[in-house]
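Using the hints, put the two chains back together into the complex; each one sits in its own frame.
These protein sequence lines map, in sequence, to chains A and B.
For the first sequence, our numbering gives the first residue as 1, with consecutive numbering after it.
For the second sequence, our numbering gives the first residue as 1, with consecutive numbering after it.
Keep in mind that the hints were calculated from the coordinates and are not lab data.
For glycine and all other residues, C-beta sits at the position ideal for the given N, C-alpha and C.
Simulated DEER-style distance windows between Cβ atoms:
1. A:N7 x B:P61: 22 to 30 angstroms
2. B:G3 x A:S32: 20 to 28 angstroms
3. B:N10 x A:R60: 31 to 39 angstroms
Not the full set, but computed from the structure, chain B residues with beta-carbon under 8 angstroms of chain A:
4. Y33
5. L43
6. Q50
7. L91
8. P97
9. Y103
10. G108
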Amino acid sequence: QKEVEQNSGPLSVPEGAIASLNCTYSDRGSQSFFWYRQYSGKSPELIMSIYSNGDKEDGRFTAQLNKASQYVSLLIRDSQPSDSATYLCAVNGGYQLIWGAGTKLIIKP
Amino acid sequence: GAGVSQSPSNKVTEKGKDVELRCDPISGHTALYWYRQSLGQGLEFLIYFQGNSAPDKSGLPSDRFSAERTGGSVSTLTIQRTQQEDSAVYLCASNQPGLDPSYTFGSGTRLTVV
Numbered sequence: 001q002k003e004v005e006q007n008s009g010p011l012s013v014p015e016g017a018i019a020s021l022n023c024t025y026s027d028r029g030s031q032s033f034f035w036y037r038q039y040s041g042k043s044p045e046l047i048m049s050i051y052s053n054g055d056k057e058d059g060r061f062t063a064q065l066n067k068a069s070q071y072v073s074l075l076i077r078d079s080q081p082s083d084s085a086t087y088l089c090a091v092n093g094g095y096q097l098i099w100g101a102g103t104k105l106i107i108k109p
Numbered sequence: 001g002a003g004v005s006q007s008p009s010n011k012v013t014e015k016g017k018d019v020e021l022r023c024d025p026i027s028g029h030t031a032l033y034w035y036r037q038s039l040g041q042g043l044e045f046l047i048y049f050q051g052n053s054a055p056d057k058s059g060l061p062s063d064r065f066s067a068e069r070t071g072g073s074v075s076t077l078t079i080q081r082t083q084q085e086d087s088a089v090y091l092c093a094s095n096q097p098g099l100d101p102s103y104t105f106g107s108g109t110r111l112t113v114v
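In isolation and in its complexed conformation, chain B is listed as follows (with noise of 0.2 angstroms):
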């Protein structure tokens, strides 16, 4: 596609409840990242993947939180059990490293956990 395209653009789910976000990249980008930020705060990098590798988990708070990507293009990013400390938005980013190391960040998943 044209850019980076995040779905649902906000979600308000109950406590305790499961969700998932999606992520679609830029055609050809073969790494993705999905970004966590709070309320007046900075990103927090969460999951990277490029291409076939295995994918670096080492920014997932917990292991409520889980992502997926399938076929090398579309990602989902599903939190367990939903706690209010989840509320925040979502920043999901992509780009080809070998051509260009910056990235295109998608509009971001606003989640409201009540």
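Only chain A is shown next, with the shape it has when bound in the complex (with noise of 0.2 angstroms):
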């Protein structure tokens, strides 16, 4: 059984500093992986994408693959407020992809 493991928190961070959320899967065949942040009574919005080892950056946040290990991260930096949400944790599985039950956030004003 594919898994996506992610530790379901809450993480709670100052605002400011640097937010680390880390996701675990099974597959060692993945080849797409995908973060994506759901607000409270929103849908989940895809926020990273990472396909290759190593480090992928867009604004304040980094995505960080290592295929060996079989972990993918998440780095927010100078968290802010608005950040605290549910980040949840994708990874392709065959035809779907398998998703992780989610980090709960907070940031601390």
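Take a look at the structure:
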């Protein structure tokens, strides 16, 4: 059974600090990795995708992928209260994405 | 359309009634997915449609749930004889797997069974 694991949190981070979110996956054949953000009462929205080992930066967000260790992480620099949300990790598992249960992130002013 | 459209946005129904939820995917997206999300929980896969292939119904929780996709576009999820445990947000997503495996979600239908 293909699985994606995330710490459910909540992860509490002071405003302005770096938030680090982690995800591990079981399928070594996975090639596509995604981070989605879900605000309370809203649907998930894609914030980062990564396909190659290493880092990918987009503004305050950096996705990191290590296929050998089967983990993918998301760093949020200069965290803002508006970053408070649940972050979902998704990994391709054949023809559809396999989803983690999400990590709830709380940014404290 | 510009995005994935779901209707209604909210539905309150009495226990035992049937409900239909609608999803209109992004134009050109061949794959369509239905998920259910209970309060504070993760995404629960329900069903997947890809082009003209037979749908993957492996996530449907009981035979009270069914879905169809007409003309490769609009999909309807039907729940018969609704129960209180069916109360959740039903999310639809679509993508074009050959081009971009990421999903675009609709805004969801919040179903409340009373």
